[in-house]
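Visitor: Okay, here's what each chain looks like letter by letter:
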Amino acid sequence: NAGVTQTPKFQVLKTGQSMTLQCAQDMNHEYMSWYRQDPGMGLRLIHYSVGAGITDQGEVPNGYNVSRSTTEDFPLRLLSAAPSQTSVYFCASSYRTGGEETQYFGPGTRLLVL
Amino acid sequence: AQSVTQLDSHVSVSEGTPVLLRCNYSSSYSPSLFWYVQHPNKGLQLLLKYTSAATLVKGINGFEAEFKKSETSFHLTKPSAHMSDAAEYFCVVSGAGSYQLTFGKGTKLSVIP
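Sequence order for the protein chains is Z and E.
With the first letter of the first sequence counted as 1, position 113 gets the number 113 in our numbering; the numbers rise by one all the way through.
Every position in the second sequence, counted from 1, becomes a number in our numbering once 1000 is added.
In case anyone wonders, no lab produced these hints; they're calculated from the structure.
Certain hints may be false.
Claimed, not checked - Here are the simulated DSS-like pairs of lysine-lysine, each with C-alpha atoms no more than 27 Å apart in a straight line:
id, chain 1, residue 1, chain 2, residue 2
1, E, LYS1069, E, LYS1058
2, E, LYS1042, E, LYS1108
3, E, LYS1042, Z, LYS14
4, E, LYS1042, Z, LYS9
5, E, LYS1108, E, LYS1069
6, E, LYS1108, Z, LYS9
7, Z, LYS9, E, LYS1105
To be verified - Far from chain E by the CB rule (all over 12 Å, computed), these chain Z residues:
id, residue
8, SER18
9, ALA24
10, ALA52
11, THR71
Where a beta carbon is used, it is the ideal one built from N, C-alpha and C, also for glycine.
I would like the entire structure built from these sequences, with the hints used as guidance.
Guide: Next up, the structure:
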């Protein structure tokens, strides 16, 4: 069980470039989500998915796109990178059983936009 | 709607003294509450979680938290701080029926030798 994996670990982009942050989980979890972490802001929800083919916006979705074609993968796309998107991005997956939910976080991707 | 307020952005304690990190929450439903820890340049680690069972929740590394509905609080405590506890701590709330987590802004814990 690899848990939640994220690639790349670190990326530098120029303003206007596009890229995809990869996230995969091998635990067959229905729910997956993307967060960004900025100093003094905690983690804020960008997009989430409750299953393959279903996605929705979180608190800070502008400038990001997601899709969920399989249960395992939930890529996050930056359409045209801006310096304000410099951040650490965390992917998470979770399941619920017996009324309790458990979230698993990936190791994070550190993105620098110049 | 749900929200979390961590009352201190930075807490400094001496090694061997108690730790108290304060968290208040707001939720329209019976919430699930969590504390996560993040060491410098590392990912998030779950310390403990409350999901409507016992109000006093014990976690890893000697941490515990008490859910007080009347005060809408979920403060994190540890009897004796260790140098390895120096990290940032996040209080997190999840509403009933929702997987969405709302994070507090974090409390940075410094431990003085």
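Visitor: Please go over all the hints and tell whether each is borne out by the structure.
Guide: Each hint tested on the structure:
{"no.": "1", "hint": "LYS1069/E - LYS1058/E", "result": "17 Å, holds"}
{"no.": "2", "hint": "LYS1042/E - LYS1108/E", "result": "14 Å, holds"}
{"no.": "3", "hint": "LYS1042/E - LYS14/Z", "result": "25 Å, holds"}
{"no.": "4", "hint": "LYS1042/E - LYS9/Z", "result": "11 Å, holds"}
{"no.": "5", "hint": "LYS1108/E - LYS1069/E", "result": "25 Å, holds"}
{"no.": "6", "hint": "LYS1108/E - LYS9/Z", "result": "24 Å, holds"}
{"no.": "7", "hint": "LYS9/Z - LYS1105/E", "result": "23 Å, holds"}
{"no.": "8", "hint": "SER18", "result": "25 Å, holds"}
{"no.": "9", "hint": "ALA24", "result": "15 Å, holds"}
{"no.": "10", "hint": "ALA52", "result": "15 Å, holds"}
{"no.": "11", "hint": "THR71", "result": "15 Å, holds"}
Violation of the numbered hints given earlier is absent; every hint is satisfied by the structure.
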